[in-house]
Amino acid sequence: MTKGLTFSIAFHGVMILLTVLTLPFMIRQPIDLPPIVSVELIQISDKTNIPYAPKARKVIEKVKEKEKEKERVVSEQAPPSAKAKEKPDRIPMPDVKKEKKQIVKKKQNPEEIKPEIRQSSEFEKKEIIDTNQIAALIDKAKEEEVQKKVENKKLTQSSVKNSFAAGLTLSEEDALRAQIFGCWSVPLGLPYNENLLVRIKLNLKKDGTIMKSEILDHERMNKPGQKFYKILAESALRAVRLCQPLKVPPTGYDKWKDIQLNFNPTEMLKG
Amino acid sequence: MKKIILILFCFFVNINFANSLIEVDITRGNLDPLPIAVSPLHVDPKSEKYKEIRIKELGDEVSKIIENNFRDTGLFNPLKKDAFVQKPDIAHLKPRFEDWRLIKAQALITGKLLVKDEKLKVEFRLWDLTASKEMMALAFTTTPSNWRRVAHIISDKIYERLTGETGYFDTRIIYVAESGPKDQRVKKLAIMDQDGSNTKYLTLGNELVLTPRFNPASQLVTYLSYFRNLPRVYLLDIETGIQEVVGNFPGMTFAPRFSPDGKKIIMSFAQDGNSDIYTMDIESRVVEKITEHSSIDTSPSYSPDGKYICFNSDRSGRQQIYVMNSDGSNVKRITFGSGLYGTPVWSPRGDLIAFTKVRKGKFYIGVMRPDGTGERLLTENFYQEAPSWSPNGRVLIFYRETKSNSKGEGFTAKLWSIDITGYNERMIVTETDASDPSWSSLLSN
Chain A
1 MTKGLTFSIA
11 FHGVMILLTV
21 LTLPFMIRQP
31 IDLPPIVSVE
41 LIQISDKTNI
51 PYAPKARKVI
61 EKVKEKEKEK
71 ERVVSEQAPP
81 SAKAKEKPDR
91 IPMPDVKKEK
101 KQIVKKKQNP
111 EEIKPEIRQS
121 SEFEKKEIID
131 TNQIAALIDK
141 AKEEEVQKKV
151 ENKKLTQSSV
161 KNSFAAGLTL
171 SEEDALRAQI
181 FGCWSVPLGL
191 PYNENLLVRI
201 KLNLKKDGTI
211 MKSEILDHER
221 MNKPGQKFYK
231 ILAESALRAV
241 RLCQPLKVPP
251 TGYDKWKDIQ
261 LNFNPTEMLK
271 G
Chain B
1 MKKIILILFC
11 FFVNINFANS
21 LIEVDITRGN
31 LDPLPIAVSP
41 LHVDPKSEKY
51 KEIRIKELGD
61 EVSKIIENNF
71 RDTGLFNPLK
81 KDAFVQKPDI
91 AHLKPRFEDW
101 RLIKAQALIT
111 GKLLVKDEKL
121 KVEFRLWDLT
131 ASKEMMALAF
141 TTTPSNWRRV
151 AHIISDKIYE
161 RLTGETGYFD
171 TRIIYVAESG
181 PKDQRVKKLA
191 IMDQDGSNTK
201 YLTLGNELVL
211 TPRFNPASQL
221 VTYLSYFRNL
231 PRVYLLDIET
241 GIQEVVGNFP
251 GMTFAPRFSP
261 DGKKIIMSFA
271 QDGNSDIYTM
281 DIESRVVEKI
291 TEHSSIDTSP
301 SYSPDGKYIC
311 FNSDRSGRQQ
321 IYVMNSDGSN
331 VKRITFGSGL
341 YGTPVWSPRG
351 DLIAFTKVRK
361 GKFYIGVMRP
371 DGTGERLLTE
381 NFYQEAPSWS
391 PNGRVLIFYR
401 ETKSNSKGEG
411 FTAKLWSIDI
421 TGYNERMIVT
431 ETDASDPSWS
441 SLLSN
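Going line by line, the protein sequences match chains A and B.
Going by my numbering, the letters in the first sequence line up with residues 1 to 271, in that order.
Going by my numbering, the letters in the second sequence line up with residues 1 to 445, in that order.
Any given hint could be a false lead.
[To be verified] Cut-off 27 Å, straight-line C-alpha distance, at most; resulting in silico cross-link-like pairs (BS3-like, lysine-lysine):
1) K56/B with K182/B
2) K223/A with K112/B
3) K201/A with K414/B
4) K200/B with K414/B
[Said to hold, decoys possible] Covered by chain B, per the in silico footprint, the following chain A stretches (three or more residues, Cβ under 8 Å):
5) 10 to 17
6) 175 to 186
7) 206 to 214
Keep in mind the hints are simulated off the structure, nothing from the lab.
Using N, Cα and C, we set each Cβ at its ideal position, and we do this for glycine too.
In isolation and in its complexed conformation, chain B is listed as follows:
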């Protein structure tokens, strides 16, 4: 009897094992750039002429912008067009997936455009080549002169669909354009698309301009310029060109930045060798003092929810980063490492603070958590500072200067960007030397 029970038991255990499914946990993957094919957009032959835009080449141009955007992220590897196996119009209808897979592409972008009645209509599709299916299809209509923005918007949509993260291509960067010898530098306010094209100068260069900052909610810019030989914070509307001095402060105001809702400007005001942090409501012009300390408090930056402010101060004897509530209470020091810490900027995602660190004569751009833990230095150089976040909190832009010789030659200032992982460091090509960049939020929002 016992034997029978034992046999039955073994039988059931065996069945149980036989039916159980093998499970394998996959917790790691690769970080290689995703191979992607961007087919030139097919230009509808019915398209009409529009001003000076070369319509026939527009399909190629749009695809090139998308390609460059993806390549610059470091996350995608756009494949060479020479290897493409299908004509754009046919591929847009339905690609031959097996042919595209042959060139090792994992995703394909196809599209077509039509210019008619002074309108540009662009349609695009994103294809998953391994699954042999369409992932996304969208169409836009706009004025033909906006074709570059259309390319950036398409890039944003695809980037979001493939990575899960909001894009940052349909954005602009404001910066200080520099020219002339080092001791007689002409500094103008300039604005460009994030890829370096469409540069426009907003000031003439008569006055020195510094630290321009975008309003995250609109097309306003705040910056530092000189008024009666005193540095003062200005406000500039890019659309209208109107600019004005912010607040009626008797002394020097500097290091301005907008609050996340765009309704306030936070800045430093210095008098008698002491500087404190103030806010000013843009509409009501009400000024509020946030810090009160005998030390130099400057470079304030709001957290994206507006509840906290990070800033740097030398109240401990050396310049370090502090975090406080937005009303100035509960001040906490968050950096304790060796070296000086400055220009803290809170990430739009809220999870990190970017900063400049100076240690043993070297300048570093780094990130840390808002409680000061997890410090990571992303890049080291002779001189670099002023990090600014992309609107999705993935990329930092900053400027880097090179050493000049005794005659003042060899000095350059250029904009650079780096991914928060510390990879994909690259220079952004500008018409002139450039410093103090600030990244706008997405224009299409």
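Only chain A is shown next, with the shape it has when bound in the complex:
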């Protein structure tokens, strides 16, 4: 009887000890769940009208292969290309020049973190590809622009753009721009393949009214063969005068009392 009781106590004791001691070790590590990504659910009937989904899969596979190849290249101590380092989820900003600067920086820094392939829907993956392509396109467009500048040696818009550095915030600049958009009736008959940039320098009062306006390439107005330039310049001046008082910030008058507006209708005329 005593022997049996002792055996039972010992057995249960061992079992409790085992449970207490071993179970913590048996607990699995928490599953490392990837971040939740919204996936658009689309009901797919027998005939689907989403032709790009399989294409996107192929492209993604290609990208994965490329990534693997790049890893191999890195192990051979070759610097990875800058374009591959573009973050997949970055949004191309409208300011092309800044984009270019960032890319250049990356080229000089081969140890930058590689893009991670996140878990995402087919559509997001498609976007990933697109952003890379867009970045490449921006690159290309930028190169072409630079080439044009070199070839033509003509005036271009704000070779060094100072609006942020000197006085206007982004929203202030946008407000001013939107105001002038509303006042400028673009002459629609102008040719879109000519360099028709009109630069107007304004001298403003504190309330935004114009003290003095000056067309910076004034001599071009009365030159023969510059009919279109003259018409554009006149329309720009009309816009500025109609718009006054301009929407300028309440402070920092010294910074914005002189302001230069670059009127370029090319984008609009091309439609």
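Please build the complex by placing chain B on the supplied structure of chain A, with the hints as guidance.
Structure of chain B alone, referenced to chain A:
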């Protein structure tokens, strides 16, 4: 020492920033019609009578024509005369700019006229009201019966000054005037000013006439009519009224059009179920075959430089548009979209080709680049075709038919115009039903 250098550096950077000019890029504007005030022209009291023209009202009439021309472009908004603040004669000397600005006008047209010694002298000025200055001043002298044309010429000059584009107001349109029930239609050749006035009929309506086309370089017209029950291409001199059959072709000739220099006629000639494109020199009457294919090649149209020809052909199985060199070499298909493409017409500016497209029972008028890219359908309807360009390549004129009922009632054919942007679609009022319009070049050139 380092601190001093750093302070100096910061100081210079600060100066640099302080001196730099803020730049803002303006890349967009509005497309609202420009508010413009057209003051009635002041009639000089010394003016003499001339035939049946009511001289006293001429100033008002001229300003109305200018106003209508501008309104029809869709680019200008002529303001109501009730709001005008200055008398025409005083405004013509020097307007009170601030008063005109009050009614939101941005440009002002003033003028005066004098009829003396059987001559009409018209003077006009265009004022920039925001800049408070004169933009343009011109004077014309002509016979008083030409007063409508003077109004159109003034409109052209102002339009060009404000938009940078050549005008298209001093032009005429030739078309087929239609009357009678649908199965017994009488078709006459008619000509009118671009605004629909001054209609004149050039044929009596005994024979069926189709596809009249203006010579871009003169007052010649080519069209299709029937001769011994065969459709044949004719040539008509509007000034003299003389008409003649073009070329001595044994079969049917159709779809004629002039070359840009006006020296040749390009057309289709059909025989044994096959049609090819031919040209004929108007002076020497030398005929040249341009295409040689077993399919139906028709509706040829030259590019404005005369180097290329666009046409439609069913050589691919369906009617599509092709472009080739003017000697017939290097034929390239440019349309690949679904539907049928026809009546291609090259823009006088050279940058676009207008066409008619038929798809799923609907008719479209559209434009595309000469390489076939950038197709834009401007308007859709039950039945419409035959686009023709304004001389500045800005506006297209075409005709549109309405559906008739089982008894043949309710059928109409009217001329319509549309801007190449797809806006400003409007009907051109004609005395009768009308089809197959063709726009002349500027008469004053």
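Status of the hints after comparison with the structure:
1. K56/B with K182/B: Since the Cα atoms of K56/B and K182/B sit roughly 45 Å apart, the hinted pair is violated (cutoff 27 Å).
2. K223/A with K112/B: At roughly 31 Å apart (the allowed maximum being 27 Å), K112/B and K223/A break the hint.
3. K201/A with K414/B: Outside the cut-off at roughly 51 Å; violated.
4. K200/B with K414/B: Roughly 17 Å between the alpha carbons, so the hint for K200/B and K414/B holds.
5. 10 to 17: That given contact is violated, which follows from only 0 residues of the stretch 10 to 17 of chain A lying within Cβ reach (below 8 Å) of chain B.
6. 175 to 186: holds (count 9)
7. 206 to 214: violated (count 0)
Checked against the numbered hints above, the structure breaks hints 1, 2, 3, 5 and 7 and satisfies the rest.
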